[in-house]
Every structure is written in C-alpha cells, then in structure tokens.
Amino acid sequence: MALELGVMGPELVGRATELDDIGASLEAAISGAACTLVVSGDPGVGKTALVQHACAAVSSEMWILAGAALPLASLTVPFLPLRSALRRGPVLEGIPTPGLGPGGWAANDVVVAIDDWLTELCLVRPVVLVVDDLQWADQGTLDALMYLIAGPAGRRLAILATLRSGELGELHPLQRWLADIRRMPRISWVALEPLDRTSTGAQIAQAMGSAPHQSLVQEVFSRTAGNAYLNRLMVSGLRPEARHLPRTLPEDLQSAVLRSWRGMSVGARQLTQLMAVGGRPIRAQDLAGLSQQAGTRHDAAAILRETTEAGITERWPDGTHWWFHHPLISEVLEQGLESGQRRDWHALFAAYGARLLAQGTAPDFEFMAALAQHHFDAGNAGEAYRWTLRAAAAAGSAGGSNEILRLLHRALALHGELPQVDESREELLHRLRTAAEASGAMDDELGALEALLAELDPAKRPLDVAELMVRRALLRFSSGLEFLSVEALLQAVQLAQAFPESWQYAYALAELAHVRLWKDDPDAPRQAALALEVAREAGNPRALSYALTANSMAALLGERPDEARLLAAQGARAAARARDFWALLHATTWQANATETWTSQVFADLMRSGRQQLALLGAPHVYLSKMAADEASSYLSIGRWRECGQALRVALGADPGPLGDVAARLTAARLAALQGSQDEARAHLARAEELFAHKSGYNNLDFDAVRAEVLLAEGDPAAAYLAAMAGAGKEGQPPTMCEWLVPLAARALADMVQGARDEGGGTAGMLASTDELVARFPSVLRESGNDTPYYSVQVDAFESLYRAETGRARSEAGNPAQWTAAADACQSGSLRWEEAYCCWRAVQALLLHGHSGHGRAATFLRRGLALVMELHARPIQDSLLEIAARARIATYLPGIGQASGGSFDLPGLTVREREILGYVVAGRTYGEIARSLVISEKTVSSHISNMLRKTGAANRLDLARLATRHGTGRSSPDGPR
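Residue numbers (our numbering): 86 to 1062.
Rather than coming from a laboratory, the hints here were simulated on the basis of the structure.
It should be emphasised that the depicted structure is a prediction, and the values quoted were computed from it without experimental measurement.
One thing to keep in mind: the hints can contain errors.
[As the list claims (entries may be wrong)] DSBU-like, lysine-lysine: derived pairs with alpha carbons at most 35 Å apart:
{"no.": "1", "residue 1": "K604", "residue 2": "K815"}
{"no.": "2", "residue 1": "K1023", "residue 2": "K1035"}
{"no.": "3", "residue 1": "K545", "residue 2": "K604"}
Can you make the complete structure from the sequences, with help from the hints?
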C-alpha cells in the first residue's frame, strides 16, 4: 500500500511506543543526523499505517517522498518505489529532479543522481524517504537504498522502510541485503507485534463507533491474534450491539487471509486444506501418511518448504511439527471445503488416529481432543462422546479449564442422542459447573446451575438446592441481571434451616444478611452473627468466609472499623483455603473499606495487593478484573489518572466478565468526561448501562454519579440533576460516590440558573429547587461507618463544594470566598479534579467583583492551570485560558510557559516563532512580548500571524490551546479510558 502524503487516517491504537521510536528518528533527521529505520511485521499488523501517522506528524517540517514496491510477477521495473517517491518530490529552481528513463530503463548513474538530488533537498528542508513493502523491491532499488544509507551522516535525511517479515524465507534475496545493512551505522529496527487484547478492543470500538461487548472482543482477538487489518475486516458490517461474531467469516476477510495461499501449487493448496481439517500442528511424516491414505501421494517435505516460503505455514520450535502462520488461515481453509469433503477427511483423521493408537501411541490431551473432534465431525456420535469425556478428564488434570467447557458442552449435547451411557446428565452438569467456576465463565456456570435446579427436587435434596440457589444469586448479581435477591436468598435459608448445623444453612444465612445489610435492615447484624456461629461449628471454610465478611460489613456499618478489619482478614484467609475467589474478592474489598475510604492511595494499594493474591492462587481474570477496576477508580478519584489508565488496561487485558467490565467502563467514562472526550465518555457509559439491566439498583457501583458527571460535561444540566437526585434518593446504604451526588445536583441547578440569566429568562423555579435541595439535604451524603480522619477531610471538602454551588445559584455576595475555601478544602482532601474545578469557579467569581478581585483571580487561575495541565482536564483548561485572554492575566507557570520563551513547540515553527509562542501561552500582550524581546509590536504581530497560518489556529487563544496540548501529550492511555 502506498503512503498517502499528509493523510493520517483513523487514530492508531496501541502504538504509542512505536510512534515515539519513529518520531525520535525523524526528529534526529530534522536536527541533522541521518538515519534509517526498518519497520517489520506480519502482513496486516499495521506497518504502513504506523509510518503514515509518524510522517503526517512531521509533514509541516519535512518533505515526505513515499513510494511502494509491488509484487509484479511477469516484469521488473527498476527503481519502481523510487520512481513513485521522486514524483512526489518538490520542484525547486536550480535543483532538477533526476531523470528516470521511460519504461524499465534508468538514466546512467541514476543512483548517484538520486543521492546528489536528496543532498541538495536536505540543505533546503529535511527529507524522509519512505519505501513501503521492501520485500518486493527490485535489486536496483535495494542497491540505491544501500548507497543512500551509507551517505553523509550529517545529511537531514531519514529513510523509512516497511517489511513483511512473514514472507521472507531463508533463500529470499532480501535476506543478504538485510544482513549487510545490519552492520551499518545509524540503522534502527522496529519489530511491530500484533495488538494486545486491550488495544484490539479499542480498535474495534473505533471501527464500530461505540464500545464493543467484551465477548465480541474476546472472539475477535482469539481468531485474529491482534492483527490490526484482520480486526477491521472481522467486525466489518457488524451492528454496535453485537455480542458475537457470525458463524461464517466475511468474504473480504477470507480473500485477505488466502491471498498468498492462492499463489501456491495445486499440491500445496490440497495438502494445507488437509492440514486445516486436522486442526492442530502436525509432523511431516504424519502429513505424508495422511496424504497417502487419501490417495494424493504428495511430497509433504517439499510442500511444507513451499508453504513456509509463502508465509502460510511455519515450523514449530520443537523442529518436528508444522502449523499455519496465522490461526485464521486454518479456519478459512476448512470453511472453504464442501461439507462432504470435510466429513470424509475428518473420518480419515479419525481412522489415522486409531491406527496410531494400535501402533502403541500414548494419547495425550491434544490427541484425545482432536480425535473426539474428528469423530464428531465425521458423524460417529458414540466414539465422539467417549473420546470427548476422556479429553475432558485430561484437560482437567492439565489445567485446561476453557477447553474442558467446550468438551463438556459437547458431551451434554451428545448425551441425549445416545441410547445408553454410563454418566447421568446431573453428573455432567456438575462437571460443567465446576469447570466453569474454575475458569470464571459465569454464563456457563449460571447455565449449568439453572439446569441443575430444574433437575433437582427441593423436597428430596434441600441442602443441594439451597447451595445452588445462593450461588445462582451471586452469579446473577455478577452478571448484571439483578442485585442480590432477598427473595431467592430467603428461600435458600428456608430450605436449609431444617438442617441448622449444616454449612449450607450458614452459607445461605450469611448472604441473606449481606443483602439485608445493603438494604439497612436492622435484623441483618443478628442474622450475620448466627451465620458465623453455624459456620464455625460446621467447619466449612467457604461458608465461614461468607459469614466472616457479612459480620465485617455489619461491624463497619456499626462504626467498629477495627473489628471489621479483623473479621474481613479472617474471611479472606478462609476464602483462600476454600479457593472461593468470589468470597476472597468480597472479603478483601471489605477489609479495604474498613481500613480507609476508597478515594485514597491506601485503598488502591490494598486492591492491588488483593489482586496479586488472587493471581498467585490462580484465580480467573474476571475476579482480577474487578479488583483492577476498583483500583483504577481509586486512582482516578485522587487525580492519578495515568495509574488509573494502567489499572484499566489490566482490567480489560482479558475477558473481564460483566462485573469487571461495567466497573471499568464507569471509571473510563468518568475519566473521559473529565478530560473532555465526551463521545468516548458517552460510549463507555452506554455500554455499562447495557451490560447491567438494573443499573442504579447496584449500590456498590457509581452509575448515578458518573451519569450525572457525563451529562454535565455534555451540557445537559437538567438530565444531570435528575441522575444525581436518583442516586441521592435511594433507600438503604448510600451508593458508591454518594459524596458527589448532592454537590452535582447543586451544580446542575446552578448551571441552569446561570444559563437562564445569560439568556434573560426566569430563574424562580430553579432557585426554588435549590432551596428544596438544601432543605432535603442540609449536608452531603456520606458512607456509613467510614469515619477515618482522611475521609472526614474529604467530606468537609464536598460540604464546601456544596455550599459554593448553592451560593453560585443564589448569587450570594460571599461566593468568591466560598469557592476559594472549597478549592483549599479539596486540595487538603487530595480531590484534585474537584480542586481544579473550584479554582475555575473561584476565578469567575472573583472577576465578577471587578478590579479588587483581579490579583486573587490571577493566583487561582495559575493554580488551576497547573492542575489541569497535569490532569489533562481540557474543558477546564480551555475555560481558564479563555478567561486569561479576556482578563489579560499572564498565565506564566514553571514548566508551562516561561517568560524567556517557554518549552512549547509546534511543528514547522522557526526559532523566533517558538520563542514568541512561549509568551503567547503565558498570556502576554503584543507590547509585553515586544519589550521583552526588544522588537517592534508590528514584528510580533507578523510572527503571530505566521504561526496562525502554519497551525490553522483561529486566534491567539486557539494557538495557546494547541501549544499546551502539543506540549503535554495525549490525554488517554491506549485502550478503553
């Protein structure tokens, strides 16, 4: 693919490090240090797009000469990529473009002529020469590039080349050229790997226009292995709400995957189709034996050499097995077979497997799983069932939890087709449930539980049914189907209470107490104490863990934090002994709650420690994901947004499950709203609301507060008010982020009052609503039982923020003092986002009081700017810069814009323009800049006009915004925020 000059295309995801590496090489060339960089990777991994973005970023500072080699089969055009590059070059007087003769002929000494021409261009402006798809370059191009690479070290020239590493066999002519340039100076290499799962999800979101379901991300990633091109093709045409991929791959994807395959010999195509039906890596001698058994008699060794040279197959590290270079090749090849041919070949593999067994081959798990699949696809139900169960048993002993799920689902499907089998359906369902719990497959586990509950008679097996009902309630909660159901748990208690010494009774009673504590039921602590008494007598660590954690919650709500911490720690140890990961997550969370508020570094550290303990125990990612999401939320609340982004990447690094997904989405939505990415915030919030049916019914999640913040950021204060009030008015224990709810409601009302005043409308109704709010909520909400000194400081800060918002709505004379006090209180509570917001409001309020407040306004403006620059809070940053420009307040801050010119830069500016840019960012007037630099105001005006023209900025304020954003970098980590 030839590079589009100056065109950046869709935003890249997951390539920040590589972009920085290429950017550093280009900056070196601009500074006068010639360099060469080769970007290698599989087809479709994103090499061309990466180079395209890197070049677009410097297109105002460098001439970009780009050309591509082509896979021409029947002719050779010498210097083809260089011809394309020269056509893109500038036409300058006195520097003639080298002449390349017509057709395939080049002028004499063309290599030297190109080298001289580039040297002349580099004296005028830096140059980047791009050669795309180097693996197809002719020898003349390779020789010319070698000559250019060996050219003057001080030339302002960067050479970028992309290379398909998967298509270079050992005998490829490019191999020697690559070996030669590796020994040359000023050569760099970027090996572009596939995207990880998080970045794959971000790319899918970009392609589909909204945050995708994690089930879809998992399916795409498992099939494309993170190949960026295949990712886009895989989701092409899917609706945003799609949860799964269609059964048949898109035609464009099939064509892309098989492009190289179609160019191979007939024998190679046939044998690779046979390999695809096999479904796993194969030895050359086995492939030869199968070929002979199929009647084709191909030379397997020769064909494997051909397919490897074509990039279709590769030798495995053990040196004896071969498999496809990309897993999608196998899938596409098998799908392309006629159903009869596919069935016959599966029967062939089944017969060959039987022959190997007869010869004494000891079957391992992979052998058994493959044999079961072949029998199944060949229509041999009895043998398929037998080998499926044998493979499932082997998978369990080998730790293959995900594979055992697939096998057990198949066994259950075959069970009903066979007239007589040894295993009961209940036995298979219990095995499926156990495997699903071990792998964190909550949907599979819930399905198995529902099926078991339909099979079992509560009258005959009350304890079994009670245990299943409690676990079902937890799974329905974790899957977003409903908050913990009092009715279901009460029914479980009633079933088990006939056996008052059983662990099932303690288990059911503990979870009933748990949900009743959330609902502020006064009888809940007594039930928790009874559950603990029974659990200790029963001696079951699982029931003991749930009972201890329920009592920890009761102790904390009863304002006994030391007792709560001790009980939760004991609960965590019991959960670890029982290997109940849900219980361990639950106990760890309440231990952290009893230690410090979640809006703290302490809480984040405890979540990280708990996550590490879960990982050491081998817990599935769904549990690690929830703890990582809680860790991210804590970091965000105290302004550590980079650490928040890192924790979110952990949470979404594999399938997070519904609970981890929704918790991560809510935090990502809040971060995006605070940093001004409204579309992203809305997409994350919409996906979270779609995942959890009852949304606001989950008091442990911050739906209402996040929804209110996103709506305020979108400029919809009326809807934000309703969202905040919905959360503030809940029954039972206050929800997460309860401290924000009443101040957010007051902010929404103040915004509506201010908007009405600006438009000359009436404000009586909104002011009446403000009075009603204060009457109903004289103070902000606070968590029950959490009364640490740190938390008390934070609550005081929210109280100050609440007073300032109501004062803004009412236009109180003391509102400036309210805002400055609120900013100081938020600073004391480490609430950095709220501190920045209060600084902005303080500046507005102080300037309303005329010249007398100007000095303090300048102080709070600079303080606010320092915060928002670090937080990347773009909406507040833009507002403060706009105020600074209108009020003529200098915004000089160390590291933001220095009086001597500052550290800001934009591409394409001269040294003097960069110097003046620092003063512009600092808010200096033309006269102040002129006096500082000892130049005329007219010269200053001319330089600023040139900068506006070069950057496309509309005015000085817009120019300052561009400079600050360019200087501080991008606001979002890769992946969802």
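Here is what the structure says about each hint:
1. K604 / K815: Measuring from Cα to Cα gives roughly 10 Å; hence the hint holds.
2. K1023 / K1035: 18 Å, holds
3. K545 / K604: Holds, because 33 Å separates the two Cα atoms, which is no more than 35 Å.
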